[in-house]
Amino acid sequence: MSEKTPPIQATKMMKKLMADHFLALDRAAAEGSPKVAWCTSVGPAELLIAMGFEVYYPENHGALLGASRIATDTIPVANAIGYSPDICSYLTADVGAFLKGITPLTKAYGIKGVPKPDVLVFNTNQCRDVQDWFEWYGRHFNVPAIGVRTHRGVGEVREYMVADVAQQIKDLIPTLEKVSGNKFDIDRLREVVGLSKQCTEQWRAVLEYGARVPAQMNFFDHTIHMAPAVVLRGRPEAIEYYNTLLAELVEREKAGYSAVPGERLRLYWDGMPVWGRLRMLAELMNELKAAIVCSTYCNSWIFGAFDAADPFESMARAYTELFIVRDEAYKEAYMLEHVERYGCQGIIFHDAKTCPNNSNSRYGLPQRFAEVHGVPSLVINGDLNDLRCFSDEQAKTNIEAFVEQIEEMAA
Amino acid sequence: MVFGGIDIGSTATKAALIDDSGALLGSAVRRSGVDFTASANLALEEAAKQAGVDQKDIVGIFSCGYGRKNATMAQETRTEIACHAAGAYHHFPQALTVVDIGGQDNKIIKLNAKGMRTSFKMNRKCAAGTGAFLEEMALRLDLPLESLDQLARDAQEEATLGAYCTVFTATEVLSKIRDGVKVEALVKGLFRSVVKRVMEMDILEGTVVMTGGVAAHNPYLAQMLSEELGRQVLLPPRPQLNGAWGAAILARDFRARQLARE
Numbered sequence: 001m002s003e004k005t006p007p008i009q010a011t012k013m014m015k016k017l018m019a020d021h022f023l024a025l026d027r028a029a030a031e032g033s034p035k036v037a038w039c040t041s042v043g044p045a046e047l048l049i050a051m052g053f054e055v056y057y058p059e060n061h062g063a064l065l066g067a068s069r070i071a072t073d074t075i076p077v078a079n080a081i082g083y084s085p086d087i088c089s090y091l092t093a094d095v096g097a098f099l100k101g102i103t104p105l106t107k108a109y110g111i112k113g114v115p116k117p118d119v120l121v122f123n124t125n126q127c128r129d130v131q132d133w134f135e136w137y138g139r140h141f142n143v144p145a146i147g148v149r150t151h152r153g154v155g156e157v158r159e160y161m162v163a164d165v166a167q168q169i170k171d172l173i174p175t176l177e178k179v180s181g182n183k184f185d186i187d188r189l190r191e192v193v194g195l196s197k198q199c200t201e202q203w204r205a206v207l208e209y210g211a212r213v214p215a216q217m218n219f220f221d222h223t224i225h226m227a228p229a230v231v232l233r234g235r236p237e238a239i240e241y242y243n244t245l246l247a248e249l250v251e252r253e254k255a256g257y258s259a260v261p262g263e264r265l266r267l268y269w270d271g272m273p274v275w276g277r278l279r280m281l282a283e284l285m286n287e288l289k290a291a292i293v294c295s296t297y298c299n300s301w302i303f304g305a306f307d308a309a310d311p312f313e314s315m316a317r318a319y320t321e322l323f324i325v326r327d328e329a330y331k332e333a334y335m336l337e338h339v340e341r342y343g344c345q346g347i348i349f350h351d352a353k354t355c356p357n358n359s360n361s362r363y364g365l366p367q368r369f370a371e372v373h374g375v376p377s378l379v380i381n382g383d384l385n386d387l388r389c390f391s392d393e394q395a396k397t398n399i400e401a402f403v404e405q406i407e408e409m410a411a
Numbered sequence: 001m002v003f004g005g006i007d008i009g010s011t012a013t014k015a016a017l018i019d020d021s022g023a024l025l026g027s028a029v030r031r032s033g034v035d036f037t038a039s040a041n042l043a044l045e046e047a048a049k050q051a052g053v054d055q056k057d058i059v060g061i062f063s064c065g066y067g068r069k070n071a072t073m074a075q076e077t078r079t080e081i082a083c084h085a086a087g088a089y090h091h092f093p094q095a096l097t098v099v100d101i102g103g104q105d106n107k108i109i110k111l112n113a114k115g116m117r118t119s120f121k122m123n124r125k126c127a128a129g130t131g132a133f134l135e136e137m138a139l140r141l142d143l144p145l146e147s148l149d150q151l152a153r154d155a156q157e158e159a160t161l162g163a164y165c166t167v168f169t170a171t172e173v174l175s176k177i178r179d180g181v182k183v184e185a186l187v188k189g190l191f192r193s194v195v196k197r198v199m200e201m202d203i204l205e206g207t208v209v210m211t212g213g214v215a216a217h218n219p220y221l222a223q224m225l226s227e228e229l230g231r232q233v234l235l236p237p238r239p240q241l242n243g244a245w246g247a248a249i250l251a252r253d254f255r256a257r258q259l260a261r262e
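Top to bottom, those sequences are chains D and X. Here the working numbering is used: position 11 in the first sequence is 11, and no number is missing along the way. Here the working numbering is used: position 180 in the second sequence is 180, and no number is missing along the way.
Any given hint might turn out to be false.
Sample of chain D residues at the chain X side, in silico, Cβ under 10 Å [unchecked claim]:
no.	residue
1	Lys178
2	Asn182
3	Phe184
4	Asp187
5	Asp351
6	His373
7	Pro376
8	Leu378
9	Val379
10	Gly382
11	Phe390
12	Gln405
13	Met409
14	Ala411
Keep in mind the hints are simulated off the structure, nothing from the lab. Don't be surprised by glycine CBs; every beta carbon is placed ideally from N, CA and C.
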């Protein structure tokens, strides 16, 4: 087994794709055509693409603000205008950045600011905060903020839920036609849903490389390489990208590379990434030779239900099947299945201060995993973007002690 | 053979030297200060002097605590969680729940009958219920830190303090002073607050052992926790040294495994 792990070459292609994506948005906003729609990460992007919009994802921008640690300076600006430090720090980082007139897109792509929206389209499947976030911009720009209100705490996905969400998606069409000036075309929607389906299957295949022993990719790789699945799903370039990445992964596996050289431990990550501390955590895990091989978060862009033959209902089903809107029993079974399939010896739960919807440690799930399933777990306190809520030292000591504990039990 | 353990905590640096049986030969406690390496060196030197051994005769040294990587003389580092577990199990070889109250962190560590950790918890990013909390309150009340234990024992009454946060608790204390509550009652209320913060972290099942500097200087805390639990909480012989002692035990066991492989 090689002790060297060269960087993934496909990353260069991804960087170009992301640059093209943001430059196209900037051009569209400047020229007024095509129209720009802002969309939540699991909003009805397929419909927006089918109707000719350039689609911009504020949550992706929130992650960029976190990863670049600009969020540290912008969150307090939003706090000062009334957005609590206890609500989504993607929202506060993004609104604060907007008020300060700064964005990481300037340094990365030479873009002055985020593209002005012509319409904002949310889906509350992530949380209620996305709706409040989009409505803030809707008021600011005086443009429509419309959306889908997904069922929450879902056990079995029932037909009435699917029918309801499908109807809500259909109800968006008149506004979108008015804003875009384009007529809705069902065949174009079928085509886009088909492309999203292909993208999601390829992303699933990429994630499966975490199940190899040793893992070919880990959580930290996934947080980078998921970008096309997040912002380019429904577009052919995302499919082309994952074809390239998958071909490279085949070769890397043959060459004996592994995500964490000398892998001796495999873990599951639940919850959001700590965007501003990804490098620190990746280095710590490398030092400990512990690979985070699977995560709830990166799996969130697998939408198995997409079906080009039945676009509205399949979109509705895909948006309602998501882990984040499911009940505790579903979440427990889902995580257990992945822990077993990926050969994880323990779970790290990230309890993100400002993201209760993506924090699954608050209702005794870690204890149930230990007591019922014999899977040890660790809860680390932190946040996706607000580094005031994260202690490097406490996280390090906790993770090191957790690794010691698992190895002691295995010895 | 002589083995050493260094525990560089946020407040104090502790050194312990033991023999093959795990018996303590020498020890030292120093303020950690701003130079962790220097305080570790000085603590080890002092412990060696007390034990009457030459430092070059120490076969293995492990370090733990916030400054564990600053202990340049240590062959290996372990977390303080591992070391407090090893120290407590050395004194009480049975299934245990270890409660360590440190300067910045509280830890609850559960061990099975073989001494292996089955789970652990640290307090959230907040110093409520830690040594830092008591230090801050002693400062507010203008009391020497070492007087707290006796004051709490002497209290005829107890002030109720409800806040999570150290700063908010200070405000509560000021309000009680204004209302004429006796200082003994306030200190006992502060101790109760520490006990409550510990009890809400995890279920304290089975035999409970309390370790760390706070328990060492305020053994009345162990008595209060015993009363809350309805069973006796144990203290190891030198609670503040428990982490360093455990680090030395781990160094000894590591050496034994090395010899077995050779």
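Checked against the structure, which of the hints given earlier come out wrong?
1, 2, 3, 4, 6
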